[in-house]
Structure formats: C-alpha cells, structure tokens
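4 protein chains.
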Amino acid sequence: MSPRPIRYGMVGGGPGAFIGPVHRMAAALDGRYELVAGAFSSDPTMCRAMGEELGLGPERVYDDFRTMAAREGPRPDGIEAVSIVTPNHLHHAVAKAFLEAGIHVMCDKPLTTTLPDAEELCRLSEERDLVFCVTHNYTGYPMVKEARERVRCGALGVIRKVVVEYSQGWLATLLESTGQKQAEWRADPERAGLSSALGDIGSHAHNLAAYVTGLDVEQLFADLGTMVEGRQMEDDATVLLRYVGGARGLLHVSQMSTGERNHLRLRVYGSSGGLDWVQERPNRLRLLSPPGDVTVLYRGSANLTDRARAHTRLPGGHPEGFIEAFANLYRNVADTVLAREGGGAEPFADDFPTVTDGARGVHFIQSALRSAEEGAWVDASYEP
Amino acid sequence: MSPRPIRYGMVGGGPGAFIGPVHRMAAALDGRYELVAGAFSSDPTMCRAMGEELGLGPERVYDDFRTMAAREGPRPDGIEAVSIVTPNHLHHAVAKAFLEAGIHVMCDKPLTTTLPDAEELCRLSEERDLVFCVTHNYTGYPMVKEARERVRCGALGVIRKVVVEYSQGWLATLLESTGQKQAEWRADPERAGLSSALGDIGSHAHNLAAYVTGLDVEQLFADLGTMVEGRQMEDDATVLLRYVGGARGLLHVSQMSTGERNHLRLRVYGSSGGLDWVQERPNRLRLLSPPGDVTVLYRGSANLTDRARAHTRLPGGHPEGFIEAFANLYRNVADTVLAREGGGAEPFADDFPTVTDGARGVHFIQSALRSAEEGAWVDASYEP
Amino acid sequence: MSPRPIRYGMVGGGPGAFIGPVHRMAAALDGRYELVAGAFSSDPTMCRAMGEELGLGPERVYDDFRTMAAREGPRPDGIEAVSIVTPNHLHHAVAKAFLEAGIHVMCDKPLTTTLPDAEELCRLSEERDLVFCVTHNYTGYPMVKEARERVRCGALGVIRKVVVEYSQGWLATLLESTGQKQAEWRADPERAGLSSALGDIGSHAHNLAAYVTGLDVEQLFADLGTMVEGRQMEDDATVLLRYVGGARGLLHVSQMSTGERNHLRLRVYGSSGGLDWVQERPNRLRLLSPPGDVTVLYRGSANLTDRARAHTRLPGGHPEGFIEAFANLYRNVADTVLAREGGGAEPFADDFPTVTDGARGVHFIQSALRSAEEGAWVDASYEP
Amino acid sequence: MSPRPIRYGMVGGGPGAFIGPVHRMAAALDGRYELVAGAFSSDPTMCRAMGEELGLGPERVYDDFRTMAAREGPRPDGIEAVSIVTPNHLHHAVAKAFLEAGIHVMCDKPLTTTLPDAEELCRLSEERDLVFCVTHNYTGYPMVKEARERVRCGALGVIRKVVVEYSQGWLATLLESTGQKQAEWRADPERAGLSSALGDIGSHAHNLAAYVTGLDVEQLFADLGTMVEGRQMEDDATVLLRYVGGARGLLHVSQMSTGERNHLRLRVYGSSGGLDWVQERPNRLRLLSPPGDVTVLYRGSANLTDRARAHTRLPGGHPEGFIEAFANLYRNVADTVLAREGGGAEPFADDFPTVTDGARGVHFIQSALRSAEEGAWVDASYEP
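Protein chains in written order, with my numbering: chain A, 1 to 384; chain B, 1001 to 1384; chain C, 2001 to 2384; chain D, 3001 to 3384.
Bound conformation, chain A alone:
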C-alpha cells in the first residue's frame, strides 16, 4: 500500500517570495503532500492571487493565519500540517496558533526571535504530541548524513576542531534600501529579529555543525560587524566555540563577502582523520587521512551508510541539489506523521531538525549577541 499524501497548508510564501516556493517544491517532489489551504500574504489581493495560481479553492485561502488555523483545525478534510514561511517575527505566533489547532508544523528558521517564544513552542508541541520540524534544510543532504555517520562510528577519532563557514555576498550593497523584498525584511530588526547574519545563516551553520559532530557548545566568543554603511544589523560575524569535552570550533558567516554565492562549508578534524563538505558541491564528501590523501565519497556510491542511502533518489553522477535535500525533511516528517497513525515507522523517519533544535539555534544566537555586546566569552551551554 502506498502512503497517502499529507494534506498541508502554507502561511507566507506569496508572490515574489524565495523560500515559499522551495517548500512547495520540496513537498511536491515525492508526491507525499497535497497543498490544500493557505494564508499566503497579509495583503488579501496577493493572497488570493497566489491561492488561485496554486489551484486552491477560494474557501481554503485565508486572509489571516488565525482564521486559517481556526477553520482548518476542525474540518474533517482540514490540513494536517502547516508550512510557515513568513518573516521571522511571525514564526512564533503562527506556529502557536496551528499547534493549538492540533496541526503539525514545518517552520522556517530561525524558530523564533526570542528564547521564551521558542521554549513555549517546544512545550506546546510536546503537550499536544505534534510533529514540529524546523527547516534547517542543509542537514537534509545525503552527504551531510554520511558525514554524521562517519563521525559517529569513530572514523575521525576524537573530534578536536570544527570549522564552519557560511559566506554570502548578496548584501554587499545596501540592497534593503532598493525595495528588494528578501533583503528588506531580513535586514529589518522588526521582522528579522535581533540579528541578521547570525539569525539567517549563522543558525544554519550552528545546526549543521551540531548535527554532524553531535557536540554541544559550552562557551563562545562572538564578534559582529556591520560592514555596509547604513545597515541596521550585523552582516558579518565570527564566533569562537568551546565544545563540551574540549574540542574547539570556529564559526564565521558573512552576507557581504562580495562574489560569494551560498558558501556553506563544514570541516571537522579529529585525532585520526578529517572531513570536508561544501554545500555548493553537495554530492561530495571529502575524507582527509593523516598522510594528506583524500577519499572523495560521492552520493550514490555503494560505500555509503544506510542513512545516506535512504536519503537519495538518483544513482551517482546524477546530481541532486538543494530541493532534494529540503524534500528529505518533508518526506521524513510525512513518515513520522503517518507512523503516529499506526503505520510502521520508516527507518530514519525521525531524522529531521525539531523544535528543540530550533530552540538550541535561538539560544546560540542570543548567546552570541550577548558575547558580542560584552566583548567577552560567555557560557553558551543549553539544555532545552
């Protein structure tokens, strides 16, 4: 028997959005979801236009998310899950409304703009026994999963050093002053939260390193910079990390590194080996050996672990990309939702970033902001 598709709705993702369409493509790719409702924009005209474009019945297109939650919850054919792709400042309220309506949540990152908000979502999703995925999508790549498995099985020995970088150049000019929608809200403290670079991409970098290494940050020292004149928040950040157990880390992110596209890279060095993964060449994982030789594993190889192989669709040499990785989150959430209905659990169904991971990310951002303000090392340990 085939798994039935999950009925889902979307909040945000109206005309001109970037991440909304990504969620929709990720949901569509494997045929595991059916989009049946949405509150796509706070502008009713744009909202309806998007509903129509997506082929939704007008009664399932809502002017505001609260109405949507209120109506979809009780409907027998109501949505089972919601994708939240609004600017950051709305994540909390939207997620809360849908959780309270008994609806599973896929929420973009960062989870919230304050830690108490994040923790409230943790509590709510636990109380209601609802699935809550925060789309730290980069951990959806099969070769990231392979990296995680290699670390876990001890192939690198004891982890000593982590270097994670996320460099972009799209904000090398004051783009937010030109009316560009993405830049506008991401650079606006009202909508993005207290942080720009750290919130938008630092949270991904932090999550990626945590996912692969399994290490928790104990202390950190952060240095933030605003390098483009007229900008309100930081567009550059470096964070020195001390992990529980003694490993050291370096996390650096930038939105004003002119000419960089989306350069997320993770390197992990252990006592007996190293690894190197670059998001812009995601089908590859480089394993470094002590004499300096490198084994390059490719997605699709028969040498990969079960976890990596379970998250890929094509043979080696047929590149998978960003959407496929994103779709892995959606697919695992679908499997998890169905398993709760009593279906058998798929292996690795629980392999997606949760609301707790989201809270960890918020805590990390806040700790970094505090360190930067104090110009000092701060305690960054956290147990959500």
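Simulated from the structure, these hints should not be mistaken for laboratory data.
Do not rely on the hints blindly, as some may be mistaken.
[Unchecked claim] The calculated label-pair distances, taken between Cβ atoms and stated as ranges, are:
hint, chain 1, residue 1, chain 2, residue 2, range
1, D, R3123, C, A2070, 56 to 62 Å
2, D, E3383, B, V1278, 39 to 45 Å
3, A, V296, D, D3064, 51 to 57 Å
4, A, W377, C, G2102, 48 to 54 Å
5, B, D1379, D, R3128, 53 to 59 Å
6, B, T1305, D, R3191, 21 to 27 Å
7, B, Q1219, A, E53, 47 to 53 Å
8, C, G2344, D, R3128, 55 to 61 Å
9, A, A70, B, T1045, 55 to 61 Å
10, B, K1181, A, P44, 49 to 55 Å
Cβ atoms here follow ideal geometry from the backbone N, Cα and C, with glycine treated the same way.
Following the hints, put chains B, C and D in place on chain A, whose structure we already have.
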C-alpha cells in the same frame, strides 16, 4: 490565472525502474502535471501494485498500453499526455498507439530502434498536431542553455572543434548476468536495439553537442568495442565527426570506464573562445579565453541570458540538479500544450527536444553502426 | 652583460633539514648564486659531511657561525650574502654576526623570538646599508603578486574583510616525541620561541595578508589552543583582526588539522569584488564578482600585470611551484645587491620581504600571545 | 662523498628560446650539472651574447655544433654531456656529432624527423655505450611514476581503455605569421618535420601513455586536421589505438583549442579501477574505484611507492611543478653517467626516457601520418 495541471499517464516505470520515478518527480516538481493513469509493467501484479502506490484509481491502471490508449483517448477526463519509459524496443509501438489516440507524448531516448519507426512517429505527430518530446534531458540544464546562447551570439567565434564525452563505469562488470534489471534490458539487443553504449548515452552526447553548437554532422567514422567478456553489444564507442561547414568533432562514450559515474562533458572551441560544461557539476559553465584565463559562470548569476534564467528556480549557490533539468522539459511541454489551447505562449516554451531531434539521434546511431561495420567514413547528413 | 652570480654561504641546513635544501635549490634555480661557504650544523662531523656533499672546499666549511662571519667578511672572495636556516632561537645571533661582518642576509622566518632582537636587526641592517630579506616565501608566488596589484589598482573597491587560513595536519600526533627533527625543534620553546603555530605558520599568514592588502592591523583578539596532549606550545590559533581604516580580518592557523597538507589560503572581500588564492594551487587566482561569477586568472596569462609577469619563468599551463616562488625572493635580492654596486636597478628588485616585515611579524606574534593571555582585545598597531 | 657535478654543454637555447632555459634550470636545480660550453645559436652574435650571459669563457662558446663536438670531445675538462634544444630538424645531426665525440646526450623531443635517423642514433649510442635521454619530461612527474607503479602492481586489474589528451590553444591564430619564434619553427615543415601537433605534443601523449601502462600500440587510425587557415601542418589530431593484448586507446591533441593552456591528461581504465592524472595539477593522482568513489593521492604522501618518493623534493602541500619534473630526468641521467664510472647505482637511476623511447615516438608519428593519408587503420607495431 494559474496554468491548470496537465493530466498525464505513464507507460513503464514499474517497481525497480530507474527512469520512471525520475519522470514522475520531474512532472511533480512544478505542480504542472497530475498523474492519473498508467500501464506500469507487463506483469499485471506489479502494474497494479505501482498504481496503488501512486494513489491511482484501479480503473486507471491498465494491464497493457493499447487498452490504456484506447480508453484514455475518449474519456473526457482522460490523459492529455503520456510518458513512455519502457525499454527502447517498445517506444515506437507505444508512442504510435497514443499519438493515434490523440495524446501528446513524452518519450525516453533513444526514440526508436529503427529509423523508419522514428520517421513514422515524426509524421504521425505532425499529422495529428501533437506535442512530442524526446527526453534528452541534459539540454534541460540552465547552463547548457547558457552555452547554447553564448555560441549563438558568436562569443566563441567560428566553431572549429567539438569534444563530447560520456563515460560511465557501471557496466565494467557483466552486470547484465546478475539479474540487475537496468543492465539486463540495456545490454539485450532484443530490448535495447542494435546498440548499447551509443543508444543509451551516445544519443545524449550527440544531442547535447547539436543543441549547443547548432551544427549538423556531415560525415563520421566510428569505432566500437566490447570490452567486457560475454557482453552482446558495444560498451565503448568513439566517433570522429565532420560537421557541415568544416568543424571537427570527437564523441566518445563508454559504459565500462571503471570508476566513472555519469561523466558527460561538452567542450566547444571556436576561433575566439571555448566553453566547457560538465554534467556532474551542472551549475557551472566555464568560458575559456584566448590567453588561457577562464570565466566561470554560475547558474543564478545576473549575467546569464534570458533563456538560462527562464529555466532555473533557485538563486545562485543553491544547487539544482538532474531532476530540475528534467523538469524543465516537462514544464516547457506543459506550456506548449496549454498554448495550443489558446493560452498565451510562454517564452522558450518550445525549448525541448522533439520527435525530430529523436529521429536525428536514431539516424546518428545507425550511421555510426554502419561506419563501424565498414571500418570507413560514412555520410551522416540527415534532414528528417 | 650577464649579472655575475652572488657568492653566498649558509648557516644551518645540515643533513635531514627541510628548509636548507629549499634555500639552496631556490638560489641555484636561476644561476644567480654560488654557494661557497657554510656552517651547516653545530655537530662538526655533520657540518663537514654536508660541506663535502655540496662540493665546498674544507677551508670554507666552519664549525661555528661566528668563525664563519669573522673569516668570510674580510676575504676578497668571501661571501657577499648568508642564508640563515637554523632553528628560530639562533636567527638573531647569526644575523647580527653577519651584518656586523658586512654581509647581506637571507633569514628564515620568524625573524627572531623577541621584538627587541628584531628591532636590533632592523637598526643594524640600516646602519650598515645591507640587504636583509626574511623569507616569507609565499609572497614570491606570481599570482600573489597579481592579487596585490589587483587590490592596489582598486579592482576590489574598499577592502572590508580578509580571511586568511593556514592549516596543516603534520602535528596531529605528538610527533616531537618520536625524534622527528623538524617537529622536535619547532615544538620546543627553547628553540622555536614562545610560539609554535603562530610563529611557524601564523607569521606567514599575517605577512601574506599584509602584502596583498597593504593593510595594517590595529587591534586583535587571539585564542590559542593546544589540542594534542603532551605538547608544550599552541598547535591551533585563531586571531580576529581590526585593520586600520575599519576592515575586519580573520586569521586561523592549525598544525593539528588532520589530513591537511599545507593549506594556506587568502581571501579578500571588498566593496566591489573579492579574490581567493590557495597555495596548494598556486598558479591560479580567482577573482569574485558581485553576481557570483568568477574569473580565474592563470600564471602565464597575457592579462597579468607586469609585476606578476616579471616573477614567472614558464608559459601558462606549465606549473610553477614552491621552489620557483622561493627563488623569486633570491633573484630579487641578487638584483638588489648588484644594483648597489652601481648596476642598473631591475624593475621589482625591491619586491621581497625585508627585515622590517620580519619585525612586524614578530610584533604580531607577540601581540597575539598577549591577547590570548589576557583573553581580551589588544592594541596591535606597530610602526617599526 | 658527494656526487660531483657533470660538465655539460648546450646546443640551441639562445635568446628568446623557451625550452633552452628550462633545460638549464632543470640542470641547475639539484646542483648536479655545470654548464661549461655551448653553441647557442646559428647567429654568432646571439650565440656569444648568450655565452656571456651564462658566464661561459669565450673559448667554450662555439659558432657551430660540429666545432663544439670536435673540440669538447678531446679536452680533459670537456663536456661529458650535451643538451640539444634546437628545432627538430637538427636533432639528428647534432646528436650524431656528439655521440661520435663520445659525449652523452640529452635531446629534446621528437627525437628526429625520420625513423632511419632515429634508429641510427639508437645504434650509435649503443655502440658507444653512451647515455641518451630524450626529454619526454612529463614522465618525470612523481605522480606519473606513482600511476605507473599502481598499474604495474595490478591495482587497476587488466587495462581496457586509455584516454590521453593534450590540448593547447596557443596556435588558435596564425601565430607563425607574426614572427613569434616558437610558432615559426614549430609550424614550419622544414624545421619541425612532417608533423606539428603530433610531433610536438602527440609524441608526449604517446610516451606518457606508454610509460604508465607499459602497453605497445599494435594498430592505429589517425585523423588530422588543419583548422587555422594558412597553416602548413596539422594543428589537430585524433588517433584511435589498439594495443597489443586488446586494450583500446584514444589519443587526441590540439594546438588550436582556444583557451587551453597545456592540458595534458591521462586516464587509464582497467577491470577493477581507473586512474586520472592532469598535468596542470601535477601533484595529484586520482584513483577511481568501481562504486565511483575516488582516492586522491598527493605528492609527498607517505602512501606513495618508493619510485614516486624518490623523485620528489618537498613535503606534501608544497607544490612541485614542471621544472622539478624535468630536473628528475637530468638527475637520473647524472646518476647513470656516474654509475658508469664505477659509482654505485642509485635506485631508479635508469628511470628516464631513452633514445629507444624516442625512436618509438618517431615511429608512432610516422604511423599516424600514414594512417591519416590512407584514411585507414595501419599496423603500428614496432620493436626498435
């Protein structure tokens, strides 16, 4: 108004198939297709299992493609298009049946196993005014389209030399003797046609070079090899090309190049520049300049031509892959189908490989087989 | 008329040394030097063995450097220059002895183990009007010189961010406890000075960034780690930089990054472009443009600036490496020495790291050590 | 005891030459040679200018090579070896003159312009028991030697396919009509011999493949092209190879591939693995494994074979290049010459391309020219 999704069916693509799921994902990605019918396997049990897995009603799952064509054609809610993903020897009969039922066709390559069969499909699709796409999917990549535009606008000057290579290693052992489904039919002359390497991957290489350069082959010299003992058809082929107008080409393909994954690469050298595209790094196009410096263009760049930009979904640095390129064919076919209903034509809607391109491919394979048999240069010019 | 070869001697570089032979090959490559004297080892037997191996007359092989300086200085055919390739703690005394004997100096880095020592050498070389080169050899690469020129001519706009990394893995084990000669002295505070990673490779990274950007460090924050148990000095260091004028920098070096060979990389981001140079692929310079496209310049290209072209020997595609870059320092010193005899000055003859650059490096190391000790930002401005 | 330097002279290599300085740097690098005589140019003024620039006594600078051979042969301090770096048409006469004078020979490639000439040099060097090295320098790279060893030890299984390519773009225009010295003689049948692309770079490609695989060509089919108008000889060539034992090969070279610098690449595919070496990244050897994963070996690694390690000077990550590889030929010849004096033989001293390899190259070129003329496969087997 949103474009409505096209109702489509599938022939082939049952359990364990490789290319069937690719077509389904490509069709699903943009929400432009709805799978409503299928004849997935000649084994009725497997066929039904696949129909169920895909959520089709039992009355839309057919034991044989002829019944499917006969019933779907007249239904008011019948399929408008069919995807043919069977072994090669069936392409002709299946395509013919659906064309005769007035249904548009997406057919995997090579189009047919004989030239007369290919030409019959050309005629039929023209007579019935039906859309017929042969899924030479590699031309769906945005950076291949960029390459085409750069050649067309004269950036390379007069084309002098083309080197196109397609190397794989998956048939470096006698895999077809192990029961592996893919290898079994592709290495079986009854099902694959007269050629293995040339038909399976040589046809892609030929199409890619033709698409980018716009050049027609005038003469060729082919040398085929069967390097794995026990194999019935060639697993290695080199073809020397003379293009109309004097350029030279070298096309070489292999299925037994141990360790190669899916190494399709096109290089074009002109009087004032060169270009280099590698399928395993598809988001990149290298432009070679006379002093030896290289400009690397990336998908998503603002510097790309309209054609390339119209065929991409994500910003730079967010890798797109094989499925996205494949989906570009599906999307353009959908636009073309809808335009025939009177909708406005989307720009570039006609940018997909047609039945005529398919016939060119079959002619190329046959010419190469003839040259190899004769050990001599042969005339390879063709006007379908 | 040909430039006559410079007579030179060497202190250090006995059997088993790494950098001594490099200096000899660098001096030999262009035929601009003649090795005529040496004090190769503090062990007289090894010293004499090396002298013999190098074909020196026994009277020109000295048991100690002081005797060598004392005798070579007055000889009419005495050495004009000396190469100092001893462990760090001897640099000062050796350099001083030869300067006082009126002999030009090529000294390995770091210049000295204390700043007063470094400054004394600055004074001495200036008073005696002697050439003093500190072999920060990485600035000898033609593509590093190209990078410098591109920055100077404004191709990147205003510099905003510098990322320089130097990662090695050779000390990922406690190699110094195994009798390995290189590791032994470099990890020994008595011979290496107060720092290991910073002194050995951090000083190169600092010099490279300074050479290319022309920026001076104003403040820094350093974090040092000793990650291999039993080690006496740091094998990992991260330094946050604030440059005069407001640019930010990140310098990170490691000797225990398992699997890294000699990964020195410099990236510079400005308001209108970026650049990226990697020592392990030294014939290349990547120029990053705002839309994310990359121009890759190659050594030997006709597009390079005069400075780069003056420091290369072979056409493009014929790789030059470490020794050739090193030899560029030697050649420029030879030109400078001869120019002082009244010969015409060669263009770019003064393009080599000087004793002043060496003092800057020592100051940088000391500032970083101080910051790490205090756990605070420190003033790092320096005018030697 | 140190090996004493070999006294050598040079024929050709006057002002403006490319390969002459390369030979001189290669000879100088390791201090194993001393240049003491030369006939650098047929123009006496230029010849003397070069002699002076190189610091030679005027009595050791000769207006013509015959006088040089006649005088240097009998001198007690006469040259022991000669480097021949003239245009191709002179190789035979010069080499013959020096062999007859009892002098060892380093001769650039191709060895001669006719096979009988080549064979005469084989006979002469054997009769006189003189060392004769033809500078197919690419086999001097350590990672090429590693490739050879890996093939020899069976790591690839039975060799099935060889792809060797040598693409350049420097003759993409009619450079020979501009007075450029290199282009002028290499494109002139009188001085280059009957072939341009095949002779200049095809001979390197052939030699490289033979060195690594140990396979002999049995049959070949060649197709030559002259793609730049006004050119007298071929600037593009493709040669299909059948090796003794059944492996197939593809050799393609070009001088008009606009934008290529010096792209020599060798790939070898066997029944159980593959390898890939690219001259422009010479410190690397890629080993391909059946599932498509790749092990990248780097020069300097402790994992390399003795042969590779014996031909390298620097640790991993410190790039070696073209000159270092070239110098390996010179060093091995020096070891061989000294061993004949009764010194102990160094391991791998005989690892350089000999006059016999040179004759094989000439035979290969002639076979290819014949095949191209006949438009047919020809027997290419040869036992010198």
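Cross-check of the supplied hints:
{"no.": "1", "hint": "D:R3123 / C:A2070: 56 to 62 Å", "in the structure": "holds (59 Å)"}
{"no.": "2", "hint": "D:E3383 / B:V1278: 39 to 45 Å", "in the structure": "holds (40 Å)"}
{"no.": "3", "hint": "A:V296 / D:D3064: 51 to 57 Å", "in the structure": "holds (55 Å)"}
{"no.": "4", "hint": "A:W377 / C:G2102: 48 to 54 Å", "in the structure": "holds (52 Å)"}
{"no.": "5", "hint": "B:D1379 / D:R3128: 53 to 59 Å", "in the structure": "holds (55 Å)"}
{"no.": "6", "hint": "B:T1305 / D:R3191: 21 to 27 Å", "in the structure": "violated (46 Å)"}
{"no.": "7", "hint": "B:Q1219 / A:E53: 47 to 53 Å", "in the structure": "holds (51 Å)"}
{"no.": "8", "hint": "C:G2344 / D:R3128: 55 to 61 Å", "in the structure": "violated (47 Å)"}
{"no.": "9", "hint": "A:A70 / B:T1045: 55 to 61 Å", "in the structure": "violated (46 Å)"}
{"no.": "10", "hint": "B:K1181 / A:P44: 49 to 55 Å", "in the structure": "holds (52 Å)"}
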